[in-house]
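These protein sequence lines are chains G and W, in that order. Going by the working numbering, the letters in the first sequence line up with residues 1 to 355, in that order. Going by the working numbering, the letters in the second sequence line up with residues 1 to 238, in that order.
Hints listed in this document are in silico derivations from the structure and should not be mistaken for laboratory results. All values reported here derive from a predicted model rather than from experimental measurement. Some hints here could point you the wrong way.
Cross-link-like lysine to any residue pairs, in silico, SDA-like; alpha carbons within 25 Å at most [claimed, not checked]: (1) W/Lys129 - G/Leu9; (2) G/Lys116 - W/Lys78; (3) W/Lys78 - G/Arg220; (4) G/Lys12 - W/Asn86; (5) G/Lys157 - G/Val35; (6) W/Lys78 - G/Tyr231; (7) W/Lys78 - G/Phe334; (8) W/Lys107 - G/Lys157; (9) W/Lys129 - G/Leu200; (10) W/Lys107 - G/Met5; (11) W/Lys162 - G/Lys116.
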Amino acid sequence: MNRTMNRTLSVKIIALTVWGLLLFSPFLFQDVRQVEVAARIAVFIVLVASYDLLIGYTGIVSFAHTMFFGFGAYGVAIALKQIGPGWGAWTLGTLSGVAVSIVVAILIGLLSLRVKAIFFAMITLAAASVALVLASQLSQFTGGEDGMIYSAPDLLKPSTKLLTDAEGDVLRIFDVRMNGKIAAYYFVFITCALMFWAMLRIVGSPLGTVLKAIRENEGRAEGIGYRVVAYRTAVFVIAATTAALAGAVYATWLRYTGPDTTLSFAIMIDILLMVVIGGMGTMWGAVIGATLMVLAQYYLRDLMEVASRATEAIPLLPELLSPDRWLLWLGIIFILLVYFFPAGIAGTIIRGRTK
Amino acid sequence: MSLLSIRNMDVSIGQYAVLHGLTLDVPEGGVFVLLGRNGAGKTTTLRSIMGLWDRPAGSVTFRGEDISSLHTSDIARKGIAFVPENMGIFGGLTVAENMVLATANGKFDPARLKRVYALFPALEQFWNKQAWSLSGGQKQMLAVARAIIEPRDLILIDEPTKGLAPTIIHGMGEAFKDISQSTTILLVEQNFAFAKSLGRDMAVIDDGQVVHTGSMADFAADTALQDRLLSLSMEEGA
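Just need the whole structure built from these sequences, with the hints factored in.
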C-alpha cells in the first residue's frame with residue numbers, strides 16, 4: 001500500500017511541477033511562442049481531464065468532445081464579434097456556449113446512453129460531424145472555413161497597460177511587461193487551474209466512486225441503487241460544460257476561432273492520444289499527457305532539425321531525422337510510450353509495471 | 001402481512017420457462033431459506049425480485065407496495081439489498097470505495113461501520129486494498145458488509161458458502177445470525193447443513209414452482225421429505 005501511495009505521490013509531484021512551471025512561465029520563458037505553448041497546455045489539460053471523466057472514469061467513449069469545446073469557443077467568438085469586446089459580451093457568449101452544450105449533452109445522453117457503447121460513440125461522431133459542417137456552412141455567423149478574428153475585452157488586449165511606472169510606461173517585473181498579454185495568460189491559467197481543481201474534487205468525491213463503479217460493471221451499480229443512465233448523462237453534461245468553458249477560455253486567448261482550432265477531428269485525436277499517453281482514469285495523467293503532446297507538437301520539428309544537422313556526416317540518418325518526418329517520429333514515440341507504459345505514464349507509475 | 005410476496009410469477013430466459021406461477025410469502029424477521037435442486041429457479045427468483053429480468057409476469061409486493069414494475073435501482077432504494085452468487089463487488093475499487101458505494105450519502109454511520117468491523121475484522125485490515133486482491137471469503141464478507149452498512153429491510157443472499165473453506169463458512173453463519181436479529185434475510189443455499197443452522201422458515205423450489213413451505217425445524221426433522229425434495233442437493237451439500 002505504501003508503495004502505491006508513494007507512486008501516486010510521485011505522479012502528483014510531476015503534475016504539480018508542470019502546474020508550477022505554467023504558473024511562472026511568462027517569467028521563465030519570455031518568448032511569445034513559449035507562452036503560447038504554456039497557454040495551450042493549460043487549456044488542453046482541462047480538455048483532456050474532462051474527456052478522461054468520460055472515457056477513463058465512466059467508460060463512455062465519445063467523439064463529440066471537440067464539438068462542446070467548439071460551442072464554447074464559437075459562443076465567445078460570435079458574441080465578441082457581434083456585440084463588441086466587453087465582459088458583458090464575453091459572459092453572454094460563454095453562457096450561450098455552455099447552455100447549448102448542456103442542452104445537446106442532455107439530448108444525446110438521454111437518447112443514446114442506454115444503447116451499447118459502440119452505438120453511442122457513433123452517435124457522438126455524427127453529432128460532431130454535423131457541428132463541423134454547420135460551422136463551415138453558416139459562414140455569416142461563424143466565418144465559415146476562415147473562422148473569425150475579434151478583439152478580447154480591454155483588460156486582455158496586448159496594448160493595455162496593466163501596471164505603469166512613473167513615466168506612464170508599461171511596468172516591467174523581472175523584465176516581463178505588465179500588459180494585457182500577461183493578464184490574458186493569467187486569465188487562462190487561473191480559469192484552467194480552477195476547472196482542473198473542480199474535476200479533482202469530482203473524482204475524489206463519492207460521485208467519482210460511483211462513476212468508477214459504473215465503468216467497472218453497470219449492472220452491479222444498478223443493483224446497489226444507482227440509476228446508471230442518470231449518472232452517465234450527468235457526467236456527460238459535466239464534461240461537456242467543462243469542455244465548453246475551456247473552449248471559451250481558449251477563444252479569448254487566441255482572439256481567433258475557426259473549425260481548425262476547436263471543432264476539427266484532428267483535435268479529437270490529439271485529446272485521445274493525450275488521455276492514452278497520460279493514463280486513463282488518472283486525472284493527474286491528463287497533465288502529463290497534455291504537456292508531452294503539446295510540447296511534441298511544437299518542438300519535435302525543432303529538435304529533429306537540430307538532430308538532422310548534428311548527424312550530417314552520417315549517411316541516411318539526416319534524411320530520417322528530417323523535420324518533415326516529424327509526424328512519423330511522433331507516431332514512433334507514441335507506440336514506444338504505449339509499449340513501455342501500457343496504462344499510460346501516470347497509470348503505469350501508480351499501478352507499477354506488471355509483466 | 002408478509003414482508004415480501006410473490007404471486008404467480010412467470011419468467012422465461014430465451015426460450016426456456018424458468019419460473020412458472022411461482023408464489024411465495026416471506027415473513028418479516030429471521031432467515032428465510034430457499035432450497036432446491038440445481039436449476040430449480042432459486043437464483044432466478046432472487047434476480048426477479050430485484051427486477052433484473054425484463055418484465056416478468058406476476059407481481060412482487062414489498063411491504064404491501066407493488067415493486068414488480070420498478071427499476072432495479074429503485075427496488076434497491078426501497079431497502080432491499082442483493083448479494084449475488086458472484087458477490088457483485090467492484091474489483092477495481094478499494095474495499096473502502098466498495099463500502100462507500102453502498103451508503104446513502106457517501107458517509108458512514110460510525111455505529112454501523114463499527115458493527116461491520118466487528119463482524120468482519122478482515123475488512124478493516126484491508127480497508128484500502130483493491131477488492132480484486134481479497135480472498136474468496138474476504139470478497140464474500142465485503143459483499144455482505146456492503147448490504148448491511150445501511151439499514152435494510154431485506155437482504156437477498158445467493159449461495160454465500162459456495163467455494164468457501166469450512167472455517168469461513170462458520171464465521172459467515174455467525175454473522176448472518178447477528179444480521180438477522182435486525183434484518184430479514186432471504187437466503188438461497190445448497191449447503192443444507194448451513195441452511196438448517198440459520199433458517200427459521202423455508203421453502204423448496206422445484207421446476208420453477210414452490211413445492212413446499214414451512215418451518216425449517218420441521219423440515220430438518222423430516223428426512224423422508226428432504227430425501228424426496230432435495231435428494232440431489234443433499235448429496236452435494238450436506
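- request: For the pair we were handed, W/Lys78 and G/Tyr231, check the Cα-Cα distance against 25 Å.
  value: Measuring from Cα to Cα gives roughly 19 Å; hence the hint holds.
message: Between the alpha carbons of W/Lys107 and G/Met5, is the straight-line distance 25 Å or under?
response: 23 Å, holds
message: Next pair to validate is G/Lys12 with W/Asn86; report whether the Cα-Cα distance is within 25 Å.
response: 36 Å, violated
- prompt: Does G/Lys116 lie within 25 Å of W/Lys162 when you go C-alpha to C-alpha?
  reply: 33 Å, violated
task: For the pair we were handed, W/Lys78 and G/Phe334, check the Cα-Cα distance against 25 Å.
output: With a Cα-Cα distance of about 49 Å, the restraint between W/Lys78 and G/Phe334 is violated, given a limit of 25 Å.
field: Pair hint outcome, W/Lys129 versus G/Leu9 [Cα-Cα no greater than 25 Å]
entry: 17 Å, holds
query: Hey, G/Lys116 versus W/Lys78, does the alpha-carbon distance stay inside 25 Å?
result: 28 Å, violated
- prompt: Does G/Leu200 lie within 25 Å of W/Lys129 when you go C-alpha to C-alpha?
  reply: Holds - the C-alpha atoms of G/Leu200 and W/Lys129 are around 21 Å apart, at most 25 Å.
field: Hinted pair G/Lys157 and G/Val35, Cα distance within 25 Å
entry: Holds. G/Lys157 to G/Val35 sits at ~15 Å (cutoff 25 Å).
- request: Sort out whether G/Lys157 lies within 25 Å of W/Lys107, counting only the CA atoms.
  value: Distance of about 48 Å is beyond 25 Å: violated.
query: Straight-line Cα separation of W/Lys78 and G/Arg220 no greater than 25 Å?
result: Holds: W/Lys78 and G/Arg220 sit about 16 Å apart, inside 25 Å.
Figure legend: structure checked against the earlier numbered hints; hints not met, in rising order: 2, 4, 7, 8, 11.
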